[in-house]
Amino acid sequence: MASEQPDAIIVGSGAGGATAARVLTARGMRVTVLEKGDWATAEDFLPLDELHFHTQKALIPHVNDDPNIYVGIDGTPKPSERWWIANMVGGSTMIWDANLPRYTPEDMAITQYMPDIPEDASMVDWPWTYEEFLPYFERAEHEWGVSGKANQAPAQEPMSPGYEYPMPPLRLHAATEFLMEAFGKAGWQPYLGPRAINSQVYDSRPACSFCGFNQFYGCALNARGNAANTMIPRALSTGRCELLTRHCVTRLVHEGGSVTGVMYKTEPDGEEQFMGAPRVFVSVQTIESARLFLLSEIPDPNDMIGHYLIYHVKGNADLTFPGKPVWDFGPAYQPRTGIGSLQVRDLYTIDDPNTNLSKGGKFSVYDPLTTTTPIRLIKQASMGRDRMNVWGDDLAEYLGELREQGGVSFSFTGEAMSVHDNRVELDPERKDPWGMPVARTYYRHHPYDLDLSRYALERVCQVMSDAGGEVRRFDPQAEENPGYGHVQGTLRAGSDPDSSVLDELCQSHTVKGLHVLDAAWMPTSGASNPTITLIANAYRVCEEVQ
Amino acid sequence: MRLLNAPEPGFLNSEQRAQAAAIFDALLPGSSDAPGATDAGAVDYLDSLLTRDPASYYEIQGWRDLYTQALAALDEAARQANGRGGLAALGREEVTALLGQLQRGEADGLPDGLDQRRVFTTMRNHCIEGCFADPRWRGNRDAVMWRWLGSHGPAEEFERGHSEAEVGHGV
Numbered sequence: 000m001a002s003e004q005p006d007a008i009i010v011g012s013g014a015g016g017a018t019a020a021r022v023l024t025a026r027g028m029r030v031t032v033l034e035k036g037d038w039a040t041a042e043d044f045l046p047l048d049e050l051h052f053h054t055q056k057a058l059i060p061h062v063n064d065d066p067n068i069y070v071g072i073d074g075t076p077k078p079s080e081r082w083w084i085a086n087m088v089g090g091s092t093m094i095w096d097a098n099l100p101r102y103t104p105e106d107m108a109i110t111q112y113m114p115d116i117p118e119d120a121s122m123v124d125w126p127w128t129y130e131e132f133l134p135y136f137e138r139a140e141h142e143w144g145v146s147g148k149a150n151q152a153p154a155q156e157p158m159s160p161g162y163e164y165p166m167p168p169l170r171l172h173a174a175t176e177f178l179m180e181a182f183g184k185a186g187w188q189p190y191l192g193p194r195a196i197n198s199q200v201y202d203s204r205p206a207c208s209f210c211g212f213n214q215f216y217g218c219a220l221n222a223r224g225n226a227a228n229t230m231i232p233r234a235l236s237t238g239r240c241e242l243l244t245r246h247c248v249t250r251l252v253h254e255g256g257s258v259t260g261v262m263y264k265t266e267p268d269g270e271e272q273f274m275g276a277p278r279v280f281v282s283v284q285t286i287e288s289a290r291l292f293l294l295s296e297i298p299d300p301n302d303m304i305g306h307y308l309i310y311h312v313k314g315n316a317d318l319t320f321p322g323k324p325v326w327d328f329g330p331a332y333q334p335r336t337g338i339g340s341l342q343v344r345d346l347y348t349i350d351d352p353n354t355n356l357s358k359g360g361k362f363s364v365y366d367p368l369t370t371t372t373p374i375r376l377i378k379q380a381s382m383g384r385d386r387m388n389v390w391g392d393d394l395a396e397y398l399g400e401l402r403e404q405g406g407v408s409f410s411f412t413g414e415a416m417s418v419h420d421n422r423v424e425l426d427p428e429r430k431d432p433w434g435m436p437v438a439r440t441y442y443r444h445h446p447y448d449l450d451l452s453r454y455a456l457e458r459v460c461q462v463m464s465d466a467g468g469e470v471r472r473f474d475p476q477a478e479e480n481p482g483y484g485h486v487q488g489t490l491r492a493g494s495d496p497d498s499s500v501l502d503e504l505c506q507s508h509t510v511k512g513l514h515v516l517d518a519a520w521m522p523t524s525g526a527s528n529p530t531i532t533l534i535a536n537a538y539r540v541c542e543e544v545q
Numbered sequence: 000m001r002l003l004n005a006p007e008p009g010f011l012n013s014e015q016r017a018q019a020a021a022i023f024d025a026l027l028p029g030s031s032d033a034p035g036a037t038d039a040g041a042v043d044y045l046d047s048l049l050t051r052d053p054a055s056y057y058e059i060q061g062w063r064d065l066y067t068q069a070l071a072a073l074d075e076a077a078r079q080a081n082g083r084g085g086l087a088a089l090g091r092e093e094v095t096a097l098l099g100q101l102q103r104g105e106a107d108g109l110p111d112g113l114d115q116r117r118v119f120t121t122m123r124n125h126c127i128e129g130c131f132a133d134p135r136w137r138g139n140r141d142a143v144m145w146r147w148l149g150s151h152g153p154a155e156e157f158e159r160g161h162s163e164a165e166v167g168h169g170v
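Heads up: the sequence lines are chains A and B, in that order.
Using numbering that gives the first Met the number 0, the first residue of the first sequence is number 0, and each one after it goes up by one.
Using numbering that gives the first Met the number 0, the first residue of the second sequence is number 0, and each one after it goes up by one.
Bound conformation, chain A alone (with noise of 0.2 Å):
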């Protein structure tokens, strides 16, 4: 293939790669992936081991050597780490939670749900509707392998009539049913979460084991579906599929409007080299896509590039529940240790006399134990919402409650508010291992972000503690960001060439031929992780391309 050129070249090998991959070769196009890292294996990901792959982070860039630089409140520009990038053969769907609901109407149609949009804040309505991203989410969750199941709750995300998940949901966690009746009293309707996660045989990999090593490890069973246990398999076998690893994209090459190919890297201190296709797409998450256009002078007549950088709210809360026994029901139900299985998406949308806020967001629920590995949630602990970080007979006291009693964590995923100052840029003194200016971010949450976050927290605290619990650690959104794995806007699509610097196809609107398929094109945040989305925009993007 080498004298020839492919009819596309895919930049990363990650969500949105992968899925271009397996879809533009099964259209009958020859497909060249550049892959930054190697290929990782299960054993690469033994043994399961805190200390090694979180605390010291062996899987993820080093902040000394390969950081974003963050400018926050005070104005000093400060190296952060990238603790969501994984640079390897799937990219960060290796490790990730595998946490998969959808994106839904009153994500997409933003300002039918949200009345009351702040002045200064950029909330515009996507391009598509939910019904045109249907059949690509249907064909994402089966042929990624997502356990759920439809229907189990009103404000769950719609599904077609008759539709399914391709596997039922991972059995329950034994806080589940406990908390499915204390949210019952308060009129919320959690329900089992879908999950890139085996709940029985399927597609030739076996069933999770809840060895309770989840996100920011590697799955060495493969129960995980990943990019590269999924859709890269798919794209090689057809034959027209070349992967090279070790090819860092330095530059993508335009002339008069469209792309002619990109300039790459096989080592740190080599020669760029050339090479040519005609249609280039690029999949190497949000800020990485921004940068890599801002290397590359795509034309931006209307100062977006960049521009309207969003992280999702977040917020953290965790309870205990005295009197109750410790989660652990034996072996009808997950582990405490294992992966949780509920999600609350009742407040998605705000309907409160009390306030003004009005699009929200979707808790995650998990035991403490349950996801956060020992050394990172001890390291957190805290006996009340002044007392963070505790030690000495606290921690001991902690340490105490955490093994006798129940326990419950909510993880919050909110709307945040697009702003056109929270960006992108080259900073100008600092390189990366390749030699590339790294990415320079500013960013703020706006005070509708925090106040949602706050205001979240404070609603699932007030259920959880009228079901008896006690709250431990309380820990909204706060103002500065240096860094998230939810990670979207940057480049923008939408249908105005004037407010947007990609069109419905994901395509630059100054340089033809050049998509993107990561969360960059995101026009606002969506208040849902945002993989299975994005995963359904490059299916939706690869077919229909011409």
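In case anyone wonders, no lab produced these hints; they're calculated from the structure.
Using N, Cα and C, we set each Cβ at its ideal position, and we do this for glycine too.
Honestly, I wouldn't trust all of these hints.
Unchecked claim - Pair ranges (Cβ atoms, derived):
1. B:113 with A:245: 39 to 45 Å
2. B:135 with A:40: 16 to 22 Å
3. A:203 with B:13: 54 to 60 Å
Starting from the structure of chain A, add chain B where the hints point.
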């Protein structure tokens, strides 16, 4: 495989080990029915960590410098405050009081250049790692903390094999 082995402890001398052990014992104290940092041998973890090749992880050299400076300074501060021995001669309550001052950045008698809050946070983090990391990193002796907490299986009872006095600060 990307894995590294944890080396035999060998960076800290016996006085430094005793000083660090006194601090860790106060950061996560054990009791009659719950193991603490001393039972877990958290200092063995720390010493092994500091013994590792600084090229294997980018923070190791900074930690070496921090402990070398901070342990000596805290030991001297303790000596001056109580007029007898250094850190290792203090009881758990006295060490706890000193750590409380350190956490607030208010400990007396320490060099101006020492970032007290950073020292405290680093030591707290390493104590927790020494208690709850995989035992192959040489702390969490016999997985005592995991087994008691029920971290990777059902919780087990903890029975202290020796009296506190015999165990001392675990060195």
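Here's how the hints hold up against the structure:
{"no.": "1", "hint": "B:113 with A:245: 39 to 45 Å", "verdict": "43 Å, holds"}
{"no.": "2", "hint": "B:135 with A:40: 16 to 22 Å", "verdict": "21 Å, holds"}
{"no.": "3", "hint": "A:203 with B:13: 54 to 60 Å", "verdict": "56 Å, holds"}
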